[in-house]
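Start from the sequences and build out the full structure, keeping to the hints where you can.
Number of protein chains: 2
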Amino acid sequence: MEKLTVIKVGGKIVEEKESLKSLLNLFSKVEGKKVLVHGGGRSATKVAADLGIESKMVNGRRITDLETLKVVTMVYAGLVNKDIVASLQGQGINALGLTGADMNVILSEKRPVKDIDYGYVGDVKKVNIDILSDLINSGVVPVMAPITHDGKGSLLNTNADTIAGETAKALAEKFDVTLIYCFEKKGVLMDENDDNSVIPHITPESFIKLLKDEVVKGGMIPKLENAFGALDCGVKEVIITEAGELGNNSGTVITI
Amino acid sequence: MEKLTVIKVGGKIVEEKESLKSLLNLFSKVEGKKVLVHGGGRSATKVAADLGIESKMVNGRRITDLETLKVVTMVYAGLVNKDIVASLQGQGINALGLTGADMNVILSEKRPVKDIDYGYVGDVKKVNIDILSDLINSGVVPVMAPITHDGKGSLLNTNADTIAGETAKALAEKFDVTLIYCFEKKGVLMDENDDNSVIPHITPESFIKLLKDEVVKGGMIPKLENAFGALDCGVKEVIITEAGELGNNSGTVITI
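Top line first, the protein sequences correspond to chains U and F. Under the working numbering, read the first sequence as residues 24 to 279, first letter to last. Under the working numbering, read the second sequence as residues 24 to 279, first letter to last.
Derived by calculation from the structure, the hints in this document are not laboratory data. Where is the CB? At the ideal position from N, CA and C, for every residue including glycine. Treat the hints with caution; some may be incorrect.
[Unchecked claim] Within a straight-line C-alpha distance of at most 20 Å, the following computed PhoX-like cross-link-like pairs (lysine-lysine) qualify:
#, chain 1, residue 1, chain 2, residue 2
1, F, 44, F, 57
2, U, 35, U, 246
3, U, 69, F, 175
4, U, 44, F, 175
[Said to hold, decoys possible] Derived, one-sided and incomplete: chain F residues facing chain U with beta-carbon distance under 10 Å:
#, residue
5, 93
6, 98
7, 102
8, 111
9, 112
10, 113
11, 120
12, 121
13, 122
14, 125
15, 174
16, 176
17, 177
18, 178
19, 234
[What the hints assert, rightly or not] Restraint-style ranges between C-beta atoms, simulated for each label pair:
#, chain 1, residue 1, chain 2, residue 2, range
20, F, 88, U, 39, 16 to 24 Å
21, F, 161, U, 241, 40 to 48 Å
22, U, 39, F, 219, 50 to 58 Å
23, U, 148, F, 42, 28 to 36 Å
24, U, 69, F, 135, 30 to 38 Å
25, F, 160, U, 117, 15 to 23 Å
The following block contains the structure:
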C-alpha cells in the first residue's frame, strides 16, 4: 500500500501568520500523499469574546450552543481553513478545504446529554473512505476543519484530534498511514521540565511501565490511549512531535 | 451537451434560517446537474459591525481591507457556505463548499488601484473548468462562496454575481448552461412599481428599445449587460427571477 501521512496541527501555530507560514513550508516538504487536520480554538475564543460570547470549556472541550456553533463554523471552516488552503495553493499544493459536511466526508452524531450537555458537539460515526481516497489519489491534499455534520442538516463541532485519529484509522484501509500529532513539546517527555528528554519510542509494554512510574500523566494519558486506539485499527505508526520538527524524524514514535 | 444550471442567490434569503430552508428545498428540485453560488453581504456587514469594523461600500462594492477580508472569509466561506452545504446534505444532495482557492477552482488578481483602492478584491482571471466539470460529472453539487485567491497565498473578495457569470461562461464549454440570477423582484419589470409587470423575454434588440424608453435603468443595466456578456460567451440562457419562483419557469428570460 502507498504511504499516507495524516498531520494534525493546532494551537497558536496555525493562527499566527508567521508561524503558520513556516509550518506550511515544512508541511509542503513532507513527501508523498498527505492530509492536514487543523484546530483553531484560540481564534474561536478570541472571535467569540469580540462578539460578546463567553467560551465555556469543560474537560478541555468547548460547550457549543447555537451562537458558539456559528463562531466555530466561521473561524474553523472559514478563517483558519481558507487561510491554510490559499497559503498551500501559493506553494503549489492542490489543497481542498473540507468540513465533514462537504461531500459528506465525516458524518457524526450529536453527543447525547449525560452529566454534561456539550451542545452542538458531534462524535464521529463514519468517515467516507472512498471519497477521501479518490481525492487523495487524484493529487488533492485535503485540509480538514474540525466541523462535522449529522446528515440531517446540522453542523457539529468535533475535536480536531478526533478528526485526525478517525480519518487516519479509516484511511488505513487504503494506505500505509502515519499519524502525526503536532504539539507544543518535542514529544512525550521523560521529565516534564526538560524539553530535551523526549522518549524516542513507546510500545504497549513500555506504556504500562511509564504509567506505573507516573512518567506519563494528565493530558498525555488520553493522547497516548488515542494513539494506541489508532494503531489497533491499522494505523502503522503515530508520532507525537513539535510542529517545528515536522519532517525531522524526531519526536516520540508510538507503535504496537 | 448535458444541461447544467448555475444558480446565484444572494441577499437575506440565504442568511435567514427559514427562507434559506425553502430556497434549498426549491433548489433540490431543480433537475439535472447544478451549481449554487451564494452571497452573504448582509451577514458580513452585521458580523463586521458586531466586531466593531465599519463596512465601507463604493458603487455597491465592499472596500476590503485586511480586517474586512477576514470577516468576509469567515462569513462567506464559513458561516453561510457550510450552513448551505449541511442543509443540502440533509436533503440528500452531495454538496461541496468551495472558495476559488479550494483546488484552485477560481484564480483572480487583486484589482489594480485606479480612482478607488478596493483593497483585497479580486477580478476573476481563470475558472478551472476541468476540476469543476469532473466534480459535477461525479454527482457533486458545488456550492461556491464569493471568495477567490491570487495563487500566491492571498484570498480575495469577489462579487458573487461575477463568480456566477464567470463560472457559467467557463462551464459553457462542457455543458448546455442556464444561468439563473435570483433577485428580490420577480424579474425585469416593465413598471418598477408593479411587481407583476415582468418582461418575459429580452433579446439584444428589445434591450436597446428598453434602454431607449428608459424602462431599464440604474442597477438593472449592468445586470443585463452581464447577462448578454455571458450569452456572448456561450451560455444558452440567462434568467432573472425571484428566489421563491425557482423552478416555476417564470421571471425574465434573456437570450441572444
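The hints, checked one at a time:
Between residue 44 of chain F and residue 57 of chain F the CA atoms are separated by roughly 18 Å; this keeps the pair inside 20 Å, and the hint holds. Restraint check for residue 35 of chain U and residue 246 of chain U: the C-alpha separation of about 19 Å stays at or below 20 Å, so the hint holds. For the given pair, residue 69 of chain U sits about 27 Å from residue 175 of chain F by alpha-carbon distance, which is inconsistent with the 20 Å threshold. For the suggested pair residue 44 of chain U and residue 175 of chain F, the alpha carbons sit about 12 Å apart, so the restraint of at most 20 Å is met.
About 6 Å separates the beta-carbon of residue 93 of chain F from the nearest beta-carbon of chain U, less than 10 Å, and the hint is met. With a least beta-carbon distance of about 7 Å to chain U, the hint placing residue 98 of chain F at the interface is held under the 10 Å criterion. Because the beta carbon of residue 102 of chain F sits about 5 Å from the nearest beta carbon in chain U, less than 10 Å, this interface hint is met. With a cut of 10 Å, the hint placing residue 111 of chain F at the interface with chain U holds, because the nearest CB-to-CB distance is about 9 Å.
For residue 112 of chain F, the shortest C-beta to C-beta distance to chain U is roughly 5 Å, which falls under 10 Å, so the interface hint holds. The interface hint given for residue 113 of chain F is met, as the beta carbon of that residue sits about 3 Å from the closest beta carbon of chain U, less than 10 Å. Checking residue 120 of chain F against chain U by beta carbon gives a least distance of about 5 Å; that is within 10 Å, so the hint holds. At its closest, the beta carbon of residue 121 of chain F sits 8 Å from a beta carbon of chain U; the interface hint therefore holds under the 10 Å criterion.
At about 6 Å, the closest approach between the beta carbon of residue 122 of chain F and any beta carbon in chain U falls short of 10 Å, and the interface hint on this residue holds. With a least beta-carbon distance of about 5 Å to chain U, the hint placing residue 125 of chain F at the interface is held under the 10 Å criterion. Hint status for residue 174 of chain F relative to chain U: holds, with the closest Cβ pair at about 6 Å, below 10 Å. At about 3 Å, the closest approach between the beta carbon of residue 176 of chain F and any beta carbon in chain U falls short of 10 Å, and the interface hint on this residue holds.
Against a cut-off of 10 Å between C-beta atoms, the interface hint on residue 177 of chain F holds, since the closest Cβ of chain U lies about 6 Å away. For residue 178 of chain F, the interface hint holds, since its Cβ comes within 10 Å of a Cβ in chain U; the closest pair sits about 5 Å apart. At its closest, the beta carbon of residue 234 of chain F sits 40 Å from a beta carbon of chain U; the interface hint therefore is violated under the 10 Å criterion. Remark: the range hint 16 to 24 Å for residue 88 of chain F to residue 39 of chain U is upheld by a beta-carbon distance near 19 Å.
Residue 161 of chain F and residue 241 of chain U have their C-beta atoms about 46 Å apart, which keeps the hinted 40 to 48 Å range intact. The beta-carbon spacing between residue 39 of chain U and residue 219 of chain F, approximately 56 Å, falls within the hinted interval of 50 to 58 Å. The hinted range of 28 to 36 Å is satisfied by residue 148 of chain U and residue 42 of chain F, whose Cβ atoms lie roughly 30 Å apart. Roughly 33 Å separates the CB atoms of residue 69 of chain U and residue 135 of chain F, a value that falls within the hinted 30 to 38 Å.
For the hinted restraint 15 to 23 Å between residue 160 of chain F and residue 117 of chain U, the CB-CB distance of approximately 19 Å keeps it satisfied.
Violated hints, in rising order: 3, 19; the structure is consistent with all others.
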